[in-house]
Amino acid sequence: MTLLDIQTLSLAIHGFPVLQDVSLSVTKGEIVAITGESGSGKSMTAMAVMGLLPKGARTTGRIMLGDRDLLATSERAMCGIRGNDIGMVFQEPMTALNPVQTIGAQVAETILIHDRTTAAKAEDQARDMLARVGLPTDRFPLSRYPHELSGGQRQRVVIAMAIARHPRLLIADEPTTALDVTTQAQILDLLRDLARDFDMGLLMITHDLAVVADMADRIVVMQNGGIVEQAPTGALLTGMQHPYTRMLFAASSHRVNLPPAPAPEPLLEVSHVSRDYRLPRSRVFGAPGTFRAVDDVSFTLQRGERLGLVGESGCGKSTLTRAILGLEPVQEGSITLGGDPVFSGTRPNLAVRRRMQVVFQDPFGSFNPRHRVERLITEPFHLLTDPPRKSARRDAIAEALRAVGLSPDDAHKYIHEFSGGQRQRIAIARALIIRPDLIVLDEAVSALDVSVRAQILDLLADLCREYDLTYLFISHDLSVVRSVTDRVLVMRDGKIVEDGPTETVFSAPRHPYTKTLIDAVPQLPDLAALRRSDTHA
Amino acid sequence: MARTRPNLCAMLRYSLKRLLSLFISLAIASLVIFVVIEVAPGDPASFMLGLNAQPETVAALRAELGLDVPKWQRYLSWVGGMASGDFGMSYTYRTPVTEMIAARLWVSLPLALYALTLSTLIAFPAGIFAASRRGQAGDIGVMGATQLGIAIPNFWFAMMLVLVFAINLRWFSAGGFAGWDKGLWAGLHSLTLPAISLALPQAAILARVMRSALLDVLGEDYMRTARAKGLSARQTLWRHGLRNALIPVLTIIGLQFSFLLAGGIIIEQVFYLPGLGRLVFQSISARDLIVVESVVMLLVFAVIVVNFAVDLAYAAVDPRLRSRT
Chain A
11 MTLLDIQTLS LAIHGFPVLQ DVSLSVTKGE IVAITGESGS GKSMTAMAVM
61 GLLPKGARTT GRIMLGDRDL LATSERAMCG IRGNDIGMVF QEPMTALNPV
111 QTIGAQVAET ILIHDRTTAA KAEDQARDML ARVGLPTDRF PLSRYPHELS
161 GGQRQRVVIA MAIARHPRLL IADEPTTALD VTTQAQILDL LRDLARDFDM
211 GLLMITHDLA VVADMADRIV VMQNGGIVEQ APTGALLTGM QHPYTRMLFA
261 ASSHRVNLPP APAPEPLLEV SHVSRDYRLP RSRVFGAPGT FRAVDDVSFT
311 LQRGERLGLV GESGCGKSTL TRAILGLEPV QEGSITLGGD PVFSGTRPNL
361 AVRRRMQVVF QDPFGSFNPR HRVERLITEP FHLLTDPPRK SARRDAIAEA
411 LRAVGLSPDD AHKYIHEFSG GQRQRIAIAR ALIIRPDLIV LDEAVSALDV
461 SVRAQILDLL ADLCREYDLT YLFISHDLSV VRSVTDRVLV MRDGKIVEDG
511 PTETVFSAPR HPYTKTLIDA VPQLPDLAAL RRSDTHA
Chain B
906 MARTRPNLCA MLRYSLKRLL SLFISLAIAS LVIFVVIEVA PGDPASFMLG
956 LNAQPETVAA LRAELGLDVP KWQRYLSWVG GMASGDFGMS YTYRTPVTEM
1006 IAARLWVSLP LALYALTLST LIAFPAGIFA ASRRGQAGDI GVMGATQLGI
1056 AIPNFWFAMM LVLVFAINLR WFSAGGFAGW DKGLWAGLHS LTLPAISLAL
1106 PQAAILARVM RSALLDVLGE DYMRTARAKG LSARQTLWRH GLRNALIPVL
1156 TIIGLQFSFL LAGGIIIEQV FYLPGLGRLV FQSISARDLI VVESVVMLLV
1206 FAVIVVNFAV DLAYAAVDPR LRSRT
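Residue numbers (the working numbering), protein chains in the order written: chain A, 11 to 547; chain B, 906 to 1230.
If you are wondering where the hints come from, they were derived from the structure by calculation, not from laboratory data. Hints should not be assumed to be uniformly reliable.
What follows is a set of in silico ranges between Cβ atoms, one per label pair, in the way DEER data are often shown [unchecked claim]:
(1) A/F26 with B/A1221: 43 to 51 angstroms
(2) A/D209 with B/G1049: 53 to 61 angstroms
(3) A/G375 with B/A1221: 26 to 34 angstroms
(4) A/G375 with B/S930: 35 to 43 angstroms
(5) A/N234 with B/S930: 57 to 65 angstroms
(6) B/A988 with A/A361: 51 to 59 angstroms
(7) B/P1058 with A/P339: 52 to 60 angstroms
(8) B/Q1187 with A/P339: 52 to 60 angstroms
(9) A/P339 with B/V984: 36 to 44 angstroms
Listing some non-contacts, in silico: residues in chain B with all C-beta distances to chain A over 10 angstroms [said to hold, decoys possible]:
(10) V963
(11) L981
(12) G986
(13) L1155
(14) P1179
(15) L1203
Note that the structure is a prediction, hence the values are computed from the model and not measured. Think of the CB as a built atom: it goes at the ideal place given N, C-alpha and C, for glycine as much as any other residue.
Go ahead and model the full structure; you've got the sequences and the hints to work with.
Right, here's the structure in full:
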């Protein structure tokens, strides 16, 4: 029985077309995934179903929920449908909950809006619902506040709020994108179980094909506001009629061709490094405790080597990165670059600092919007005692931009004129311009669409060939680390639990935690095997 | 119930920390006030006796006023006296400063509270109304009115109030203070026009702060989550928006109270109110240093205590502040 039927939905916001002729349907108990890159219109489709489109939106077509057209339903009636017939889970669990209300109150609210019951009964239901999503009361009382929970736990609270009224349809918009791989696997399992137990239709929106490949019954591929292909999962993956679908699939499992690493010569030496943080006092006059974020970490990065550092949030990789960059002192151990300490006495060693550069995750927040590109990418020059001037400076800018696949003319533009992928190229140009010995790439491709990510990874491989780059690639995304590193470190609870050649670690992990991590990564099915079983069937 | 204990403990630790910083601020402030006023030119004894006084007479008066002992001793006895409620004797009027201040405080404190209550009662609805109608006629109207409220000088506004409500309509008296001994109503009645004139610009500022704080909150993810639960736009604003928007608003309310307590001097003049502002003004002209010192210290004390109260209010509003230490 068709539950949700979107018929030729078109949407324009302030006259700008966002969706064109989108038609798809979800039946009871079915899991339908919408996938595509940013700007493809997948989230807008969800918001249209919820009736929560931004101001200035004009729609045509129909969105039928059962025999009711949601586009023709009044706002007042929509309030009765949202949360009651349709639940929704969002991408950012860290900000999706009201920080000043307890989780119990927030889950009970969904019940109280739609049901004239007593507060006590709503609280009982909220307790059951939280227990159902894996937050039992004995460990997670209703009086908890969101900031006392981890990202995965918060997402469970959001899910409890969305399903508290047993809606017929659940929409999940990138529900696991902001989560660690092991948490992601748990949340995906939970959503799948809930859809089955409650006999709900589940509309999953994700940019990651692998996430939905073994979960969705049907996959809808969107591009530029339209549907390019939709079919049952198996048929879609084996058939792949549309070139865009094929491109998405190829980009998701993109492997780059790294040049062989040169002969080993130690560059960065991290030896028995520990870093403590002070914890808040647990009693009014008690001594503050300490938290060891990095615990006795040692490794050597060879010149020309591409080293990966993986681990889940809170494992200490950011702390370790800050220590390597000399941004914070360490309590124990030493970090040297080419034999010189990165941190001397009470401040960073400038002589070493100018030999390291870093590329950050967020291509939108890591540039000053009021500076032109030439000023942005020459910022590292202030580290040099004798920075290039005039024509030498111009040449350096032109070369750095050319190296990352941009034109020297781009130097005079502002950052808002560039897309996310181009900005990340500019960030790499900024890191390259003083020819550092070491580049730290901190989740440098995590915010990018798969096709753009593939291009940036190729660029890194090209730069390795051209400039003999040495980099430390920090990421929570294991498939990316696998493709662009020679050696990988696996970090957990401040310790390095596994250290070895990338291929060996991934194909034959020794530590159980590494195994757990690798198993949790959503895998795209092996197409050849799929096709074989398809023809035999 | 295991949950409440760490929470209480966090709240207690937070309060103790704020209290400690309150005492440190008071100590520093008293020292600064003492030093600044001591270095100000003008000897109270010679000022009181006039230009033709004999040096012996001046010296005798200095001894009588306690001005001949070392400065640090005078500081300590001043601070010690204040701690026990004894602010010393006024040089000019030869009456206890404590009595002088207490009488004035009975006017200024109720006036400040009255004005603050009015300003909050006007600003909250106005700010919420404007924020919920962003860009529409209602918003533009309210914002225009606040612009006007900030721009109008309050002494002029006070005079207009007197003209309309005291002289033409005769609903209120044009000035003076009836005193609290005639009853609460008589006292409030004579403070109404001054409170309105003080409240107007404050209400205008507060309404703008309320509006912009709410607009910031409206863009938050959890507001969208609340809509997805089935709350209407209005319910979302009231249940999830307001409390989150309160932090900046509380800050401004705290600042406004401190300002209203002493900053009403012009309004006190317009309405002939015997308030703290006028006391300071008169004492400065008469070089009655001990009164000036005491009133300034009292105002500093009020500001610091209000800030302490605002800090506690923050923690009551936002649970994250309780656990962050």
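Taking the hints in turn, this is what the structure says about them:
no., hint, result
1, A/F26 with B/A1221: 43 to 51 angstroms, "holds, 45 angstroms"
2, A/D209 with B/G1049: 53 to 61 angstroms, "holds, 55 angstroms"
3, A/G375 with B/A1221: 26 to 34 angstroms, "holds, 33 angstroms"
4, A/G375 with B/S930: 35 to 43 angstroms, "holds, 36 angstroms"
5, A/N234 with B/S930: 57 to 65 angstroms, "holds, 60 angstroms"
6, B/A988 with A/A361: 51 to 59 angstroms, "holds, 57 angstroms"
7, B/P1058 with A/P339: 52 to 60 angstroms, "holds, 55 angstroms"
8, B/Q1187 with A/P339: 52 to 60 angstroms, "holds, 58 angstroms"
9, A/P339 with B/V984: 36 to 44 angstroms, "holds, 42 angstroms"
10, V963, "holds, 54 angstroms"
11, L981, "holds, 30 angstroms"
12, G986, "holds, 33 angstroms"
13, L1155, "holds, 13 angstroms"
14, P1179, "holds, 43 angstroms"
15, L1203, "holds, 31 angstroms"
Going down the numbered hints, you'll see the structure goes against none, and every one checks out.
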